[in-house]
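Could you put the whole structure together from the sequences, leaning on the hints where they help?
In order, the protein sequences belong to chains A and B. Our numbering puts the first sequence at residues 1 to 293. Our numbering puts the second sequence at residues 294 to 538.
What the hints contain is simulated information worked out from the structure, not anything from laboratory work. Treat the hints with care, as some may be off.
[Claimed, not checked] Quick partial rundown of chain B residues pointing at chain A, CB under 7 Å, derived from the structure: (1) 379; (2) 380; (3) 384; (4) 386; (5) 389; (6) 397.
[Said to hold, decoys possible] Selected chain A positions facing chain B (in silico; Cβ < 10 Å): (7) 87; (8) 88; (9) 137; (10) 168; (11) 170; (12) 175; (13) 177; (14) 179; (15) 181; (16) 183; (17) 184; (18) 185; (19) 187; (20) 188.
Where is the CB? At the ideal position from N, CA and C, for every residue including glycine.
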Amino acid sequence: MNWSFVIANAITLACIYGTLAIGISLTWSSLGLINMAYGFIFALSGYGAWLASQYIGPNTPVVMAAGILTGVVGGVFVNALAFIPIHDKPNYQLRGLIATLAISLVGNQALLWSFGPRAKSLPQLFGTGSVNILGVVMTADKIGASLSAVVLLTLVLLWMRSSRRGLEIRAMMMNPHAASIVGIGVRQTSFSVMALTGGLAGLASVLLAQTYYVAPFSGITPMVKGLSIALMGGLGSVPGAVIGAVVLGTNEAFTSTLLGGQYVLITQFLLIILILLIRPRGIAGILDKAREA
Amino acid sequence: MTAQSGRREVLHVDGLSAGWGPMRVIHDLDLNVYAGERVGLVGLNGHGKSTLFLAIAGLSGWQRGSILLDGHEVGRTRSQGPGRYTHLVVRRGLALMPQGDEIFHGLTVEEHLDSGAFTPRAWKERGERKTRILKIFPPLEALMKTPVGRLSGGERRMVSLGRGLMADASLFLVDEPSLGLAPKIGKSVIAALMAVELGGSAMVIAEQNVGLLEGRVDRIIGMHAGKLKGEASVASPLSSKGPAA
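Here it is, written out as structure tokens:
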């Protein structure tokens, strides 16, 4: 078995899935919305990046910016369609789930219809070289993917810690009722949350397309993985999502090397069931020192 | 906006009804609060004090009737969507310090105080306002970087009240500030609220315990079964007159 290959894969996958999981986690805890259209936003931004690479030029900043911007637009679109009209109506959480699922189905079919079933590949954004770090051979695409995910996520988290808008989002994540009491508008904030998480989906899409490809349904599996990591980490917890991403990334790299790629989802869900049996609130239940009520 | 007394009305409630689902808690209620005064709202559990406050903030289940806050209409007729317009009412100058504190358990004390200052002017002045709050509630000084989820009940109450006092509010609604606290701490919290300089704003404090407010607020209004019952000024305390009991 090639250890260095497994480790390199685990790190890359952890970074990309972690980005998705944080996006899903943020949406759930601040808006109470399980965004089933996240996979659609993911695929859409892949196509956005692909179009940019075809019509503007295949250089790294352009393609990444196009992917992230398409994700932002997709997030705002989903928010306007599935959150704003129903968020204060009875049974909102179930309705939101169904509405986003509908957007996902329609959107994926629309992508299939307009771009055709053939997968597109994005240009190599990070070159083709490789570096040997402590015996682990990291190819340039993996280093680039991991680094850009870590850097951008750190920036996002720092922004959420330090800015006023970030404070609003965090306040809404912890107690939406109290947030309205201090003058935070749910509708305004929902747009920034969805734009932010959409941008994260766009980033993850461009990065994952370095290893895989862009296809109309390419967002479904990453979304399922992101959602399960978010669940495992404890919905709403960023550190939990990061640890969950590392665990599941490692699991995926090992399973696909030892057993074969088709078993990844099986071992992954077994692992999640195991963790949730022991810690029903997810990994965050261990990290959280504050009392809930 | 001048009333018969010649003072500016901060709050003018006219014909307000509010409740939750099929239950009507507030019945055609009228209430005036003037600038610079402290009003006690006294009544037993379940007689509508909290619902009145929540309805003014647009957080009750449904509501009907006119609410003028600083001369601006913030009341509306609505059957659902609690909280949808609350942030607009808050930006008009309402600071609600709800029962049960409604804290953000993962944010630090300092972040809480910041979150109370979301109006543009308050945000710019939030540094000096925080210093002012710390003068009112000195125990918070050492806890500024602690997540509120780790604080005791009394400390949380101070955080919740401090957050409300950070705002540029013209009307402070304080819902049972002594609830669930040890009598000594409850008294000190009330004393701190009495020490706040109101200026052109007004404060309404809901309490079950008349004794805590007697002699310290400008007038006391009783509340019974969703209606206001009688009024007593401080000059003639309730115990001797007794319309609000």
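Here is how each hint holds up against the structure:
1. For the restraint placing residue 379 of chain B at the interface with chain A, the shortest Cβ-Cβ distance is roughly 4 Å, inside the 7 Å limit, so the hint holds.
2. Interface restraint check for residue 380 of chain B: the shortest CB-CB distance to chain A comes to about 4 Å, inside 7 Å, so the restraint holds.
3. A cut of 7 Å between beta carbons decides the hint on residue 384 of chain B: the least distance to chain A is about 5 Å, and the hint holds.
4. Because the beta carbon of residue 386 of chain B sits about 10 Å from the nearest beta carbon in chain A, more than 7 Å, this interface hint is broken.
5. Given the 7 Å rule on beta carbons, the hint for residue 389 of chain B holds: about 5 Å separates it from the nearest Cβ of chain A.
6. Against a cut-off of 7 Å between C-beta atoms, the interface hint on residue 397 of chain B holds, since the closest Cβ of chain A lies about 4 Å away.
7. Taking 10 Å as the C-beta contact cut-off toward chain B, the hint placing residue 87 of chain A at the interface holds, the least distance being around 8 Å.
8. With its C-beta approaching chain B no nearer than about 4 Å, residue 88 of chain A sits inside the 10 Å limit, and its interface hint holds.
9. The criterion of a C-beta within 10 Å of any C-beta in chain B is not met by residue 137 of chain A, whose closest approach is roughly 40 Å, and the hint is violated.
10. With a cut of 10 Å, the hint placing residue 168 of chain A at the interface with chain B holds, because the nearest CB-to-CB distance is about 8 Å.
11. Satisfaction of the interface hint for residue 170 of chain A is found here, the shortest Cβ-Cβ separation to chain B being roughly 7 Å, below the 10 Å cut-off.
12. The interface hint given for residue 175 of chain A is met, as the beta carbon of that residue sits about 5 Å from the closest beta carbon of chain B, less than 10 Å.
13. Below 10 Å, beta-carbon pairs count as interface contacts, and residue 177 of chain A has one with chain B at about 6 Å; its hint therefore holds.
14. Interface hint status for residue 179 of chain A: upheld, as the beta-carbon distance to the closest one in chain B is roughly 8 Å, under 10 Å.
15. Because the smallest distance between the Cβ of residue 181 of chain A and any Cβ of chain B comes to about 5 Å, under 10 Å, the interface hint for this residue holds.
16. Annotation: residue 183 of chain A was flagged as interfacial toward chain B, and the flag holds, the nearest CB pair being 4 Å apart, inside 10 Å.
17. Annotation: residue 184 of chain A was flagged as interfacial toward chain B, and the flag holds, the nearest CB pair being 6 Å apart, inside 10 Å.
18. Interface restraint check: residue 185 of chain A against chain B, minimum CB-CB distance 4 Å, threshold 10 Å, status holds.
19. Interface restraint check: residue 187 of chain A against chain B, minimum CB-CB distance 8 Å, threshold 10 Å, status holds.
20. For residue 188 of chain A, the interface hint holds, the least distance from its beta-carbon to any beta-carbon of chain B being 8 Å, beneath 10 Å.
Consistency with the previously given hints fails for numbers 4 and 9, ordered from lowest to highest.
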